[in-house]
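2 protein chains.
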Amino acid sequence: MTDSDRQTEEKIFEAATDVFVEKGMDGSRMQDIANHAGINKSLLHYYYRSKDHLFNAVFEKIADEMFRKFAPVFDENLSLDDKIRFFFREHIGFLQRNPRLPAFLLNEINRNPGRVKKLIRNVNVNKFWMMLMEQHPDELAEYRITKELLPQLMITIASISVFPFAARGILETLFENMDIDFDDFLEKRKEFAATFVINALKNNK
Amino acid sequence: MTDSDRQTEEKIFEAATDVFVEKGMDGSRMQDIANHAGINKSLLHYYYRSKDHLFNAVFEKIADEMFRKFAPVFDENLSLDDKIRFFFREHIGFLQRNPRLPAFLLNEINRNPGRVKKLIRNVNVNKFWMMLMEQHPDELAEYRITKELLPQLMITIASISVFPFAARGILETLFENMDIDFDDFLEKRKEFAATFVINALKNNK
DNA sequence: TCTAATTTTGACCAATTGGTTAAACTATAT
DNA sequence: ATATAGTTTAACCAATTGGTCAAAATTAGA
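In the order they appear, the protein sequences are chains A and B. Just so you know, we're using our numbering here: the first sequence kicks off at 1 and counts up by one. Just so you know, we're using our numbering here: the second sequence kicks off at 206 and counts up by one.
Among these hints, one or two may not hold up.
[To be verified] Residues from chain B that face chain A, not an exhaustive set, calculated with beta carbons under 8 Å:
| hint | residue |
| --- | --- |
| 1 | 255 |
| 2 | 258 |
| 3 | 377 |
| 4 | 382 |
| 5 | 401 |
Bear in mind the hints are in silico, worked out from the structure with no lab data behind them. Just so it is clear, CB atoms sit at the ideal spot from N, CA and C, and this is done for glycine as well.
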């Protein structure tokens, strides 16, 4: 598929995604997006009414993609331990392929929390957590994970997976001075994180 | 101390801190900072040559403050377990009093990684980690924390402490729908995080 | 008190920004 | 072929932006 074959609207969306993710909403320029897409700036307004509209389209797609990545865990027919292993492998793997998404999303959400409200309203997180408790009543009881502790546990798991990407800018320069390869660190983290969390749970018996 | 007593330069710095932390470098306006400080915009350029200079002054002070908060752990004459407890109590406590700093720092560093290079060059992180290994050779051996695993462990600890603040915008709206109080969550996290990490280590024996 | 240095101000500027518009171009259907 | 609708472009605009400057106000030193 050559560059000119792709539909203009699609080209705009992809260029906008690149620029917005790299520079953020405030740091991005419509002219820059147009250049990236190889088209006239007016076309941005022709297909997407304004910078806000264009940004929202990009933001919502990325946010949706991101949140969706948490879901499969609740479907998989696995033991709790295997679910944890599955999650870290898949989630860190996804972020390795999209390393800039966490920083972009976290920043834009903090900058404008109202944006995420609209998205989250549709997702009943409670439902997912109830599913977890129904799928693994015995294991959770064994590990003494009460309903009150579940948020702490879930956010701890998310922290361990997402934070290295959100802090990529620091970690990469930190690692430079220590002869550690960031990609290698991430690859090993899939296993380390799973074992770490499972150990923490097991010892809580 | 009344408003007019405070030195102008100090007033500017404080106003700039507020605005930059809230809106980020790109989203902040010099006029807005001047208004916050209650002074004429030209004074910003009189005391700090440009927006870049002003931002760097603010950024470097905050970054320094932030990194400094990781250091006391390496001094305290405590067992490894107590150090972990001490760290989470103090670090989450500090972030509770400065909840916007993590998101601000992480974003600006990702936006311009060169900025942090200058700061980190002075801090030999390796040295701190070596100190840890010298202070607790027995415990680390017992927990099977090798030199290769230490970065994974340290970053996991940082993740658990910092991430909830970086993701504040999401978590607060998430919690809203679940009748969880964010401040209460943070207060309980100090204890939860410490126990969680210590359990993970103990079970690795 | 008078003078010189410092601090503060408002008016101003060039460049950049998101956005508009009318004209030009292209494709499609009759 | 030609009219029509959809697409693309260049020129333009008003508002905003970081920054300058000379004059005014204040302070400090003699």
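Status of each hint after checking the structure:
1. With a least beta-carbon distance of about 17 Å to chain A, the hint placing residue 255 (chain B) at the interface is violated under the 8 Å criterion.
2. At a threshold of 8 Å, the smallest CB-CB gap from residue 258 (chain B) to chain A is about 19 Å, leaving the interface hint violated.
3. Hint status for residue 377 (chain B) relative to chain A: holds, with the closest Cβ pair at about 7 Å, below 8 Å.
4. Here the hint on residue 382 (chain B) is kept, as its CB sits about 7 Å from the closest CB of chain A, short of 8 Å.
5. At about 5 Å, the closest approach between the beta carbon of residue 401 (chain B) and any beta carbon in chain A falls short of 8 Å, and the interface hint on this residue holds.
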